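Chemist: Spelled out from the first residue to the last, the chains are:
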Amino acid sequence: MRIRRLLVVAALALAAPPVALARGEFDPTTEFEQHEWIPIHLGPLNLSITKAVAYLLIGTALTILLGLFLMRARLALLPDRRQTIGEALYEIAQTQIAEQGLPSKAIGLWFPYVATLLLFILVVNLIGFIPLPLTGETWHGIPVWGIYAATSSLSVTLALALLTFVFTHFEGIRWNGPVRYFKSWIPDAPKPLLALIVPLEVLGQFMRLISLSVRLFANMLAGHILILTFIGLLFILQSVYLAVLVIPVAVLFYLFEVIIVVGIQAFIFAALSAIYIGSAIEPQH
Amino acid sequence: MSTLLAATSGDVTKAGKAIGLALGVGLGALGAGVGIGNIFGSMIQSVARQPELRGELQGIQWLGFALTEAVVFYGLLGSILAYVLV
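Protein chains in written order, with my numbering: chain L, 170 to 454; chain F, 94 to 179.
The following block holds chain L by itself, in its conformation from the complex (with noise of 0.2 Å):
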């Protein structure tokens, strides 16, 4: 009941603007334009703080205050609901990411690292979908609110991939030594086809951190912009009749997005570099 009246607010919520500004020009990626809210410049590095950073930042701290709050305090031998969310996700981490990648003797050393990004990309996403002031658009005085996810950026993603993509060879590097490491890139195959599958090989080193990077980025500036273009409908076509068919829609794809999409791409980041240091951990050959 309560979700229902809940979800009824914010149909009308997102009804009524459009009323009194169903006219004018409408263009999703001006959503995406990062501007310089505070400039920071280092030489040659921009280290200024944009909207994805400033989401960023409040990713970390809620993902640290999540972590503390869900999984540290008052724990019983009797959980409440709180604490077996907590554990839920701590099981997922456990037996779903870091005993399917990584190999028993890494799992201490690596559970925290990917057990991070799966909650830290997780909050992340969530609160891409919360309208949020910080549109850096004002409307008569008043903040905008909007919906953003830093993770709709390829810098951030890009980073985030590089992390586990400089890892993955710095523990294959550490545990099997170079020579061994590199040695295991190259597959059992006939000699003269090896000048053609040892590039690919390297290649698809490379590729890891494209499709790491991508696959995450790409499907949460996908699924914004998916949101935008319906609510936008309205704007370019300029018809408040046409929010009937519109919200709904839009209101589909927006919970699609929370409940289906958020989730499987922190648990899909997490995993694949599981996966890729496990592998370079204790290679097949």
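Warning: the hint list may mix true and false statements.
Unchecked claim - Below, computed lysine to aspartate or glutamate pairings styled on DMTMM-like, alpha-carbon distance capped at 25 Å:
| hint | chain 1 | residue 1 | chain 2 | residue 2 |
| --- | --- | --- | --- | --- |
| 1 | F | K107 | L | D196 |
| 2 | F | K110 | L | E260 |
| 3 | F | K107 | L | E202 |
| 4 | L | K274 | F | E145 |
| 5 | F | K110 | L | E200 |
| 6 | L | K360 | L | E202 |
| 7 | F | K107 | L | E451 |
| 8 | F | K110 | L | E202 |
| 9 | L | K274 | L | E260 |
Calculated from the structure, these hints are not laboratory results.
Note that the structure is predicted; figures quoted are calculated from it, not measured.
Knowing the structure of chain L, use the given hints to seat chain F on it.
Modeler: Relative to the frame of chain L, chain F by itself:
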């Protein structure tokens, strides 16, 4: 030939870009659709045969789902790049 060019009246590049974008996303979605259908189909079959393995299979299923689903976005990204850069 000249009449044909006249019929298209000017903005051929724009039309070509639009067709490229649509083809990229559409073909990407086609492949991912087939793949995701395959994954869930096999999952249903496996669970029907061995219901006790459901928990173990679910992790693999979502991994496969996300890996396959990402194919659409590679297509999307490629076609958006083509759309913007060309």
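Chemist: Going straight from one Cα to the other, do F/K107 and L/E202 come out at no more than 25 Å?
Modeler: Roughly 24 Å separates the two Cα atoms, so the pair holds.
Chemist: When you check the alpha-carbon spacing of F/K107 and L/E451, does it fall within 25 Å?
Modeler: Violated: F/K107 and L/E451 sit about 51 Å apart, past 25 Å.
Chemist: Starting from L/K274, check that the Cα of F/E145 is at most 25 Å away, please.
Modeler: violated (29 Å)
Chemist: Does the structure keep F/K110 and L/E260 at a Cα separation of 25 Å or less?
Modeler: violated (48 Å)
Chemist: For F/K107 and L/D196, compute the direct alpha-carbon distance and say whether it is at most 25 Å.
Modeler: Given that 25 Å is the threshold and the Cα spacing comes to 18 Å, the pair holds.
Chemist: Mind checking the alpha carbons of F/K110 and L/E200 for me, to see if they're no more than 25 Å apart?
Modeler: Holds - the C-alpha atoms of L/E200 and F/K110 are around 23 Å apart, at most 25 Å.
Chemist: Check the hint pairing L/K360 with L/E202 against an upper bound of 25 Å on the C-alpha distance.
Modeler: violated (50 Å)
Chemist: Is it true that the CA of F/K110 sits at most 25 Å from the CA of L/E202?
Modeler: It holds: about 23 Å lies between the C-alpha atoms, which stays within 25 Å.
Chemist: Between the alpha carbons of L/K274 and L/E260, is the straight-line distance 25 Å or under?
Modeler: At roughly 19 Å apart (the allowed maximum being 25 Å), L/E260 and L/K274 satisfy the hint.
Violation of the numbered hints given earlier is confined to hints 2, 4, 6, 7; the remaining hints are satisfied by the structure.
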